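What follows is the residue order along each chain.
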Amino acid sequence: MLKSNILGMKLKNPLFLAAGILGTTASSMKMVARAGAGGIVTKSFSLEANDGYENPTIVKIEGGVINSVGLASPGVEAKKEELMELEEIRDETPVIASIYGDSEEVFCEVAEQTKKLVDAFELNVSCPHAKCGFGSNIGEDPEMTYNIVSSVKDAIKDVPIIVKLTPNVTDITKIAKASEEAGADALTLINSVGPGLRIDYQTAKPILNNVLGGIAGPMIKPIALKCVYNTYKTVDIPIFGVGGIKDYRDVLEFMYAGASLLQIGTSIMYDGPEIFKNITDDLSIFLEENGYNNITEIIGLSHEL
Amino acid sequence: MIQNVYDDEVPKVVTIKETIIETPTVKTFIFPFQITEDIHPGQFVMVWDLNTEKPMTISVIDKENNQMGITVRKAGPFTENMYENIDVGDKIGIRGPYGHGYELSDYKKILAVGGGSGIASLAPLLSFYDNVDLISAASCKEELVFVEKFEKENIKVHECTDDGSQGFKGFSTELAEQMLQTGEYDIIVGCGPEIMSYKLLELSQKYDVDCQLALDRYMKCGLGICGQCCIDDTGYRVCVEGPVFDKKQLSQLSEFGKYRRDAAGSIVKY
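Chains as they are written, first to last, in this note's numbering: chain A, 37 to 341; chain B, 79 to 348.
Simulated from the structure, these hints should not be mistaken for lab results.
Each hint should be verified, as a subset may be incorrect.
[Claimed, not checked] Listed next, the in silico DSSO-like pairs over lysine-lysine satisfying Cα-Cα at most 30 Å (straight line):
no., chain 1, residue 1, chain 2, residue 2
1, A, Lys-313, B, Lys-284
2, A, Lys-241, B, Lys-347
3, A, Lys-152, B, Lys-347
4, B, Lys-325, A, Lys-66
5, A, Lys-313, B, Lys-90
6, A, Lys-116, A, Lys-39
7, B, Lys-90, A, Lys-167
8, A, Lys-116, B, Lys-247
9, A, Lys-116, B, Lys-90
10, B, Lys-347, A, Lys-66
11, B, Lys-90, A, Lys-257
12, B, Lys-326, A, Lys-66
13, B, Lys-284, B, Lys-247
14, B, Lys-169, A, Lys-241
Only a predicted model underlies this, so the values are computations on that prediction, with no experimental measurement involved.
All chains should be built: construct the whole structure from the sequences, respecting the hints.
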């Protein structure tokens, strides 16, 4: 019922672990796979090791979190070791590497070094709390996005390229279209919203060490859904929906809006990694009760009504 | 199914009520905190000095006065700032408590071993259980933590120093082994340097008693999502499934006693 075949990946279910969540070590990613995820997106990494920002890097707020981890990650050499350990799960649970950089060369080099170890790349051009020159500095600009996507696409022939976009632009469909024209095989919508800010009311101190951070979790779902809905009408490549999915009804909304695949991140904070099994069980029951033969039948349903 | 979606867990800012210089490197901070039934020894809080934030074990759980305490050892810029610059009347932020603490209600006689400031994690056990024998270990007499506190509360503690300047001369694990040989204990619990903890696990295997140990890993979120504190080979999150792990869990941890990960997630060998 939940099986699909997208971007050459055979999936037992369409729910991936989102980038940035429990994706640093092979053993934590394997743990999430055992808990029922249909696929894994690693935490973003680049050529060099990066400590990210100082704590507090994450603060829980009403309906989600604000985070400014700042792309903390070991460099590509250390990450390759972790990816090699994931080989054993890739038949059952495809692995997508989220990569970042500040130039076409860096993206290409990281992808080149890891292409044999992953089933797809997700280009992070959308982190809202990355240092200048990284993340959303790229993804807010259609031309820069186009150049990076087409460079990686030229360099890496056999591995699908997914582009993760920021919602913090006037019109996300323009960046989506630029990515598609540059050869992207799929899109991930959306990275965290904002950045946002929380201040302690007693001391007037901003809580995060970096002051600002990306907002994620159930509170951003309506924005994510809008982005998926509008982008589905503009591009012909598959869309990963991500942003505040916490139960099967959220998955249905994203798929009706046009997502073929989903990613879950912040909601693991509430329900633990078991959330994958809970959602897939509920989803199967819903689809069966409503007369569907396969989950792919509901993709984009809202656009047909 | 979904719990706490609407909870706000920004740090709760508290004013330090009392500080105690425990040793030349260790200091305790007491502050008002509503002590609810779900706060247990072994849990930790994220402590914000209004600049940076680190996980700290809870060293005082005072139900009567609704006070909590943390005890820090000078080990880096954060703890040095806490030790030198933060005092009565100052404000700090507290998130939590988080994580799994010790679960000891099924045991007849408990042997608790604290190395250095690791005793901070174990001291609250004494206000929850009356069947605990406690070893407090340090390199020398001056570095023994909570000596006056235990004396004041009339608690007998087995002291232990590497140089023999106070109590048993030798490592805490040697004293623990002697005590285990009496056959009185059905569990060993511990917190301290990882090499010590690893040896405690080996002792629990040798003497066939249960074991619960508190582990320390680099943490960012404390909420179970960043993945920074995940431990090989199970992927357990130290902030959620830990920081106290039981014998079965500990036996599955291939990285325990061997390495940890730094702020970037790179492996650092012991």
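Decide if the proposed pair is consistent with the structure: Lys-169 (chain B) and Lys-241 (chain A), CA atoms, cutoff 30 Å inclusive. Holds. Lys-169 (chain B) to Lys-241 (chain A) sits at ~11 Å (cutoff 30 Å).
Run the distance test for Lys-313 (chain A) versus Lys-90 (chain B): straight-line Cα separation, threshold 30 Å. The given pair, whose Cα atoms are some 34 Å apart, is violated under the 30 Å limit.
Does the alpha-carbon distance linking Lys-313 (chain A) and Lys-284 (chain B) stay inside the 30 Å limit? Given that 30 Å is the threshold and the Cα spacing comes to 39 Å, the pair is violated.
Going straight from one Cα to the other, do Lys-325 (chain B) and Lys-66 (chain A) come out at no more than 30 Å? holds (22 Å)
Checking one constraint from the list: CA of Lys-116 (chain A) to CA of Lys-90 (chain B), max 30 Å. Satisfied? Violated, because 40 Å separates the two Cα atoms, which is more than 30 Å.
Between Lys-326 (chain B) and Lys-66 (chain A), does the CA-CA distance stay at or below 30 Å? Holds. Lys-326 (chain B) to Lys-66 (chain A) sits at ~19 Å (cutoff 30 Å).
Measure nothing beyond the straight line between the CA atoms of Lys-116 (chain A) and Lys-39 (chain A); if it is 30 Å or shorter, mark the hint as holding. holds (29 Å)
Does the structure keep Lys-152 (chain A) and Lys-347 (chain B) at a Cα separation of 30 Å or less? Holds, at roughly 28 Å.
With a cut-off of 30 Å on the C-alpha distance, tell me whether Lys-284 (chain B) and Lys-247 (chain B) pass. Status holds; Cα separation ~22 Å.
Holds or violated: Lys-90 (chain B) to Lys-257 (chain A), with C-alpha atoms at most 30 Å apart: holds (27 Å)
Does the alpha-carbon distance linking Lys-90 (chain B) and Lys-167 (chain A) stay inside the 30 Å limit? holds (29 Å)
Straight-line alpha-carbon gap Lys-241 (chain A) to Lys-347 (chain B), limit 30 Å: violated (37 Å)
In this structure, the earlier hints numbered 1, 2, 5, 8 and 9 are contradicted, and the remaining ones agree with it.
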